[in-house]
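With chain A's structure known, arrange chain B on it following the hints.
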Amino acid sequence: MMLFNLIKKDILIVKKYVLIMLVAAVLIPPFMLWRAPEYTGVLGFMLSVIFCVFMLLQYVSLKEYQFPKAATLLCATPFSRNMIVLSKYIFCIANFVACCIIYAIETLVIPGLGTVDMTLFLLMFLVTSIFIGVYLPVQYKLGYEKTKFAFVVVIMASPFILPQLMKMENVNLDFLSMFSPLLVCGSVLLFSCIVLIVSVILSMKFYGETDLA
Amino acid sequence: MNNILKVENLRKSYGDFSLSDVTFSLPEGCITGFIGINGAGKTTTLRTLLGLAKKASGHIELFGLDMEKNEKQIKNRIGVVLDDGCFYDELSLAEMKSVISAAYTSWSEQDYRRYMDMFSLDPKQKINTLSKGMKMKYALVLALSHNAELLIMDEPTSGLDPLIRSQLLKVLTDYMENGGKGVFFSTHITSDLDKIADMLIMINNGRIIFQEEKDFLLDTYRIVKGDVKALTDDVRKHFLSITETAFGFTGITKQVSEIQSFFPDAIVERPTIEDIMLANIGGYKK
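In order, the protein sequences belong to chains A and B. The first sequence begins at 16 in my numbering and counts up by one. The second sequence begins at 214 in my numbering and counts up by one.
Some hints here could point you the wrong way.
Only pairs whose alpha carbons sit at most 16 Å apart, straight line, appear in this in silico EDC-like list of lysine to aspartate or glutamate [said to hold, decoys possible]:
| id | chain 1 | residue 1 | chain 2 | residue 2 |
| --- | --- | --- | --- | --- |
| 1 | B | Lys348 | B | Asp374 |
| 2 | A | Lys30 | B | Glu303 |
| 3 | B | Lys339 | B | Glu303 |
| 4 | A | Lys31 | B | Asp297 |
| 5 | B | Lys438 | B | Glu457 |
| 6 | A | Lys31 | B | Asp302 |
| 7 | B | Lys282 | B | Asp296 |
| 8 | A | Lys156 | A | Glu224 |
| 9 | B | Lys337 | B | Glu303 |
| 10 | A | Lys84 | B | Asp297 |
| 11 | B | Lys219 | B | Glu274 |
| 12 | A | Lys23 | B | Glu303 |
| 13 | B | Lys467 | B | Asp432 |
| 14 | B | Lys442 | B | Glu457 |
| 15 | B | Lys348 | B | Asp296 |
| 16 | B | Lys267 | B | Asp234 |
| 17 | B | Lys267 | A | Asp226 |
| 18 | B | Lys345 | B | Asp302 |
| 19 | B | Lys345 | B | Glu303 |
| 20 | A | Lys84 | B | Asp302 |
| 21 | B | Lys348 | B | Glu322 |
| 22 | A | Lys84 | B | Asp296 |
| 23 | A | Lys84 | B | Glu303 |
| 24 | A | Lys30 | B | Glu274 |
| 25 | B | Lys408 | B | Glu487 |
| 26 | B | Lys467 | B | Glu426 |
| 27 | B | Lys339 | B | Asp302 |
| 28 | B | Lys267 | A | Glu224 |
Cβ-Cβ distance ranges computed for the label pairs, FRET-style [stated by the list, open to error]:
| id | chain 1 | residue 1 | chain 2 | residue 2 | range |
| --- | --- | --- | --- | --- | --- |
| 29 | B | Leu334 | A | Leu18 | 27 to 33 Å |
| 30 | A | Val213 | B | Asn222 | 32 to 38 Å |
| 31 | B | Asn341 | A | Val112 | 31 to 37 Å |
| 32 | A | Phe175 | B | Thr236 | 57 to 63 Å |
If you're looking for bench data, these hints aren't it; they were derived computationally from the structure. All C-beta atoms in this analysis are idealised placements derived from N, C-alpha and C, irrespective of residue type, glycine included.
The following block holds chain A by itself, in its conformation from the complex (with noise of 0.2 Å):
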């Protein structure tokens, strides 16, 4: 009970661009079918978790650097910081849940998004639980700014990896489809689990050492 109403208060102090959030996961898939049929499904449906899930993120974290004294409020009640920690977390997860099942329900609604497909959904829950896994613990040990500023430096390094990244043909996942996909979907489930327990952990050990504003 107390976590969810951790989570409500995220939900509660960007409550302004969660609407905006919601439509444009509701309207990216349909658009990319109109605009760019080809990349319809997978690009559409990572446009739409990239807007709901990171960009409210950072609104979230926005909100907290522009007023750090709540925190140290919530932490002077019986709200505990790992707690205040783990609903960040479940924040984001219930915000790809929310992408999925909108996804889901479009697919549903028209024709022309193809059908539902749970590995899509499994390996963009893996990006989903690396970026967080990721971003969070970094955020909670430098703090918003310097966090934000590494990703930006990232961002404008992507022109230069991706291309090199993209030339790696080599890289042959074949072997995969030697292995029955329920483990191949479990074991990507589990990985991403992995790296999600993993990161709250990081990120309760460095929030808990932190002196709050």
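Only chain B this time, still in chain A's reference frame:
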């Protein structure tokens, strides 16, 4: 009298500043003022004892329970008011309440509404539209609405006008009369303590200077005014501090009977808490 808060050998460092073996206790049933000038270590002490800043060493006990082992249980029994409110300013009062109230097992909606009415606060109002005084009142409403046994407040009256300060002080005395076990509040506005404090703890440069009952302190210290000519080295050593002008001197002493033997005609006055605080930190020249 039982101690509801016991702090032993608390240490914490921030750059050049450090709390050095801070030790004090709060007896049950008292309003205790935590005094000291800006930068003396009041806020650091309060934040460290609430676990908002990590202590280097020391032992903190509230209601006879170890803070480290029973943090959640203890925080459920205390009301906290931090300086400047500490809210998400874009939320409404009702929204902020819905977040905070969920943390407490004994939240009382009835008390919350009563205090909101008492302070004429509108739950629909946005926090960023409140004045500093109204924010402080709202912080006090949140701290008082879950049957807290102890109130811990950091500079609650700082920057407030005299009317709001007097309203806050009235609420604190009512809280004690209605079963509160203690109030511990830091301030550098000592006139507030003259009105309501039972006990005073003074800190300076991260060290506790004294912990005494207010009435005992006010009875022990005296301001002495007299002619500078009679101020010999023997006399000076009986004063905590002395201010000298061309017209005479003003000194603070704890040894009033000795001083009166040197200065039978001296004017002796009862000091205020501010006088005692300044004397102890060298605010008066010696």
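Hint by hint, here is what the structure shows:
Between Lys348 (chain B) and Asp374 (chain B), the direct Cα distance comes to roughly 13 Å. Compliance with the 16 Å bound is thereby established for this hinted pair. Only pairs whose Cα atoms come within 16 Å are accepted, and Lys30 (chain A) paired with Glu303 (chain B) is accepted, the gap being roughly 10 Å. For the suggested pair Lys339 (chain B) and Glu303 (chain B), the alpha carbons sit about 6 Å apart, so the restraint of at most 16 Å is met. A distance of roughly 25 Å separates the Cα atoms of Lys31 (chain A) and Asp297 (chain B); the hinted pair therefore is violated under the 16 Å criterion.
Our distance criterion of 16 Å between C-alpha atoms is met by Lys438 (chain B) and Glu457 (chain B), whose separation comes to about 10 Å. Restraint check: the Cα-Cα separation between Lys31 (chain A) and Asp302 (chain B) comes to about 14 Å, which is no more than 16 Å; the hinted pair holds. Note on Lys282 (chain B) and Asp296 (chain B): the hinted pairing is violated, with a Cα-Cα distance of about 26 Å set against a maximum of 16 Å. A threshold of 16 Å between alpha carbons decides the hint, and for Lys156 (chain A) with Glu224 (chain A) the separation of about 9 Å falls inside it, so the pair holds.
Proximity of Lys337 (chain B) to Glu303 (chain B) is assessed by CA-CA distance (about 12 Å); at most 16 Å being required, the pair is judged to hold. As the CA atoms of Lys84 (chain A) and Asp297 (chain B) are separated by approximately 9 Å, the hinted pair is consistent with the 16 Å bound. At roughly 5 Å between alpha-carbon atoms, Lys219 (chain B) and Glu274 (chain B) fall within 16 Å of each other, so this suggested pair holds. Between the alpha carbons of Lys23 (chain A) and Glu303 (chain B) the distance comes to roughly 15 Å, so the proposed pair stays at or under 16 Å and holds.
Under the criterion of a C-alpha separation no larger than 16 Å, the hint pairing Lys467 (chain B) with Asp432 (chain B) is consistent with the structure, at around 9 Å. Using a Cα cut-off of 16 Å, the hinted pair Lys442 (chain B) and Glu457 (chain B) holds, with the two alpha carbons roughly 11 Å apart. Of the pairs offered as hints, the one joining Lys348 (chain B) and Asp296 (chain B) holds, with about 10 Å between alpha carbons and a cut-off of 16 Å not exceeded. Straight-line distance between C-alpha atoms of Lys267 (chain B) and Asp234 (chain B) comes to about 15 Å, which keeps the hinted pair within the 16 Å bound.
The suggested pairing of Lys267 (chain B) with Asp226 (chain A) holds, with an alpha-carbon distance near 6 Å, which does not exceed 16 Å. Between Lys345 (chain B) and Asp302 (chain B), the direct Cα distance comes to roughly 12 Å. Compliance with the 16 Å bound is thereby established for this hinted pair. Distance check on the hinted pair: Lys345 (chain B) and Glu303 (chain B) sit about 15 Å apart at the alpha-carbon level, within 16 Å; holds. Between Lys84 (chain A) and Asp302 (chain B) the alpha-carbon distance is near 10 Å, which keeps this suggested pair within the 16 Å criterion.
The suggested pairing of Lys348 (chain B) with Glu322 (chain B) is violated, with an alpha-carbon distance near 19 Å, which exceeds 16 Å. For the suggested pair Lys84 (chain A) and Asp296 (chain B), the alpha carbons sit about 9 Å apart, so the restraint of at most 16 Å is met. Restraint check for Lys84 (chain A) and Glu303 (chain B): satisfied, since their Cα atoms lie roughly 13 Å apart, inside the 16 Å limit. With a CA separation close to 40 Å, the supplied pair Lys30 (chain A) and Glu274 (chain B) exceeds the 16 Å bound.
Pair hint Lys408 (chain B) plus Glu487 (chain B) holds up; C-alpha atoms about 13 Å apart against a cutoff of 16 Å. With a C-alpha separation of about 15 Å, the suggested pair Lys467 (chain B) and Glu426 (chain B) falls inside the 16 Å cut-off, and the hint holds. Taking the CA atoms of Lys339 (chain B) and Asp302 (chain B), the gap is near 7 Å; set against the 16 Å cutoff, the hint holds. Between the alpha carbons of Lys267 (chain B) and Glu224 (chain A) the distance comes to roughly 7 Å, so the proposed pair stays at or under 16 Å and holds.
For the pair Leu334 (chain B) and Leu18 (chain A), the supplied restraint of 27 to 33 Å holds, since their beta-carbon distance comes to about 28 Å. Between Val213 (chain A) and Asn222 (chain B) the CB atoms are about 36 Å apart, so this pair conforms to the stated range of 32 to 38 Å. Asn341 (chain B) and Val112 (chain A) have their C-beta atoms about 32 Å apart, which keeps the hinted 31 to 37 Å range intact. At roughly 59 Å, the beta carbons of Phe175 (chain A) and Thr236 (chain B) sit within the given window of 57 to 63 Å.
In this structure, the earlier hints numbered 4, 7, 21, 24 are contradicted, and the remaining ones agree with it.
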